[in-house]
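For the protein sequence lines, the chains are G, L and F, in the order given.
Sequential numbering of the first sequence, starting at 68, is according to the numbering used here.
Sequential numbering of the second sequence, starting at 1102, is according to the numbering used here.
Sequential numbering of the third sequence, starting at -10, is according to the numbering used here.
Note that these hints are calculated values from the structure, not bench results.
It is possible that part of the hints are untrue.
Mimicking BS3-like on lysine-lysine, the simulated pairs with C-alpha atoms at most 27 Å apart in a straight line are [unchecked claim]:
hint : chain 1 : residue 1 : chain 2 : residue 2
1    : L       : 1291      : L       : 1141
2    : L       : 1340      : F       : 117
3    : F       : 120       : L       : 1340
4    : L       : 1340      : G       : 185
5    : G       : 348       : L       : 1291
6    : F       : -6        : F       : 23
7    : F       : 71        : G       : 360
Covered, in the sense of this in silico footprint (three residues per stretch, anywhere, with C-beta under 8 Å from a C-beta of chain L), are these stretches of chain G [said to hold, decoys possible]:
hint : region
8    : 143 to 155
9    : 288 to 297
Even for Gly, the Cβ is constructed at its ideal location relative to N, Cα and C.
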Amino acid sequence: MSFLNYLVSGLSLGSIYAIIALGYTMVYGIAKMLNFAHGDVIMIGGYMCFFAVQRFNLPPVLGVIIAMLACTLLGIIIERLAYKPLRSAPSLAVLITAIGVSYFLQNAAQLLWSSNPKVFKSVVGNGVLTIGGEGGLIVSHVALLTVVVCVIIMVGLTLFVNKTKMGKAMRAVSEDKGAAQLMGIDVNRTISITFAIGSGLAAIAGVLLCSAYPTLQPTTGSMPGIKAFTAAVFGGIGSIPGAFLGGILLGVIENLAKAYISTQLSDAIVFGVLIVVLLVKPAGLLGKAVREKV
Amino acid sequence: MKKMKNLTKAQKSSSLTYAVVIVAFAIMFALKTSGSLSSKMTGMLVPICAYIVMAVSLNLVVGIMGDLSLGHAGFMSVGAFAGTIAIVSMQYNGVESAGLRLVVGIIVGAIAGAIIGFLIGIPVLRLNGDYLAIVTLAFAEIIKVLIQNMYLDLDENGFHFSMVENTNTTNLETARLIIEGPMGIRGITKISTFVAGFILVMVVLIVIFHFMSSRTGRAVMSIRDNRIAAESVGIPIFKYKITTFTLSAAMAGAAGVLFANNYSTLISAKFNIDTSILVLVFVVLGGQGNMLGSIIAATALTILPEILRGFSDYRMLIYAIILIAVMLISNNSQLKAAFDGLLIKLKLKKAPDEEEGGKA
Amino acid sequence: MDDNKKYVLECENLGIVFGGLAAVNDFNVKIGEKQVYGLIGPNGAGKTTVFNLLTKVYEPTSGSIKLNGVDTKGQTTVSLSKMGIARTFQNIRLFSNLTVAENVMVAMNQNMKYSLFESTFRLPRYWKEEKAARAKALELLSIFDMQDFADVKASSLPYGAQRRLEITRALATNPSLLLLDEPAAGMNPAETAELMHNIGKIRDEFGISILLIEHDMSLVMGICDEITVLNFGMVIAQGTPAEIQSNPVVIEAYLGKQKED
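Generate coordinates for the entire structure from the input sequences, incorporating the hints supplied.
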């Protein structure tokens, strides 16, 4: 049964990656930029929830909502101040700016809240569910919640993108900014909303991440951010089901590698799998290859 | 049309770059020998040289070849470890001359960087754009993790290597534990000097400028400018890309050796994504394909955190703000105009009509 | 046709299907030595696709291509350049950050021999070959009287000059067959007339065959020895300019349309 346990915790970790990767992928699909600061928005979300729940004794649900509102606002502000002026700039300039924003958020967090790790109390407690009696499958409440939330987000996002007017606008902008503009779509607003949604998701990811791994510090978001970015590429960047699949697979592979091969080498294994996948499918698992017209 | 007919634009830019580097070196060397440099500043001379080499070598990939690599620190790491192993082994075997050890170490580091660059380049260079970026990042992370798990000892029977056991020598008393897993290499004699750094920078610059004005360099730049047209005139894309990537990795390897032997301890965690990104920032701020720009950016951004030390806790925050501001001002025409207006008002810059002949 | 005659290009039943749609179908063309051959047809007829098939940007789904009698099956864009095909592009594709001379010199790469080692240490062969390449580039540029712009960045050239540079660059690969994709596009009548003269000059001086796509009928009819008309991926007519001009099918599909303007 221990394999199943590893698998379940892998699924849970993978769900967190998937939620973060969804944010990466949406922003990439629409603004064609690698938002390196996304991981740090997660960290801000964690802190917001931490203060709301553990300092001001608000109920966890309210804590999550506050974190989401704060991150959504932060996402919009970052987009407005740092990325919007660079709409027509080369992609590398935008990438470096995003890195600057990432540095800024990390260092601001360090100044405001110090670099000492805070112990984050899980929003659903530390309870576990045991299936199959002694030696059976153990599922923590956090893991269960994470997977459920991830599936809900994934389904919700797919419906949103495919069924709503805003979703259609997003797809249009991602396909061809210029043509979308000519069709009367407000491209700037669409991009801002995408950032808002991605950042809101990052807040949820932050809360879930800190609930599962309770140390919260200014660098908390960096590595999960990079891993989720990897997951988004793995699944095919720009593709919502791809980000979901990539996140889940990455989490499972990481956990199984830790359990059966080596804890120290697990990251190397994860990145190794990514490389192999990209060599076989250069646009990721569910991405589509684009050919230049001659 | 042009007054300096016999000098092409490329030749002028390379001469200017050499001149700036030589003059800067002469000034810093004079200040250093006369004791007018603070110990902080003196300590930064070698790292600055190493970062300059890193920046220009990454510029070869990003600016000249036009591909985004986020894993340049990986090659620096490979070079640093390989070269330092060579240096430590030579020391163990009684090679007295520090200069000889450093030269051999740098050559070993460059070769190691080249080999790994070539091997990684084979799969990686078939990818494009952001995919190439993420895969180079992944490789650098793999290199970091692998080195963190390496154990290498040297005794009279030669090298003992393991990825599992901490010590593998049978004779702990006489053995030199070279790589100790996550603790890396300890007890390094600091043999890197400013003069060595300067020479390395010059050698690398000469190689790069000669590369750029060779058929290989032209071919790589043609691929960057228009891949389909390059193929149509018979340029084999992969061959030239792998050559460039390998050359760049060799330079990063050499930079790694110079950097590593400026400190007593070398750990693999130093060469993480932050270092790769830092070097990329040098390249982008300095201008893609602009070697002098890379040199200036690498120097300025290495010194900047020191200058900002007065702001103590706020220094990295200010660093981040400066980075964002520079990117915004240099890439947004409105902000650029506003900034130029501000400079003119402050009399730091001549108004456009007073400026002669535009850009140099 | 006379089977003993040597052909520079022979296409047999060439075709390509994109997603179930035949973009080019049953394309048969034979181009002799020193021939100027026209490929015309309405927009979207598949003319550029033929060029992309000839240069293996696309792999044909059917048929064969022979270049100077050699089947090009299994060749790539790069190796075809060595075998003697050179082309220009409908949407100009220059190496915009390189100088005019460098654009031409890139195309001579396959005939240069010095190694990276020799260029790094600036050994004699580097200097010798670079000097020769530069001289050759200037000579080629002089065809279009562009030698004075040799050290100007390619992107700063005016539009017409960019088109001419593309032709010069193609010539620098020493081709036996030159493909020109709308060489007169965007040129004024005077420039077009000069281009026409120069295409003839290139054919005579270099002794090569030229296949060109062009919408300017005065140019096509004035310069081509033979013409193929393409519509919806199919050859609808083949013959001399006089034959094409009087072909009712062509007039209906193509020329007729123009008269309506």
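Checklist entry - If you check each hint against the structure, which ones fail? => result 4, 5
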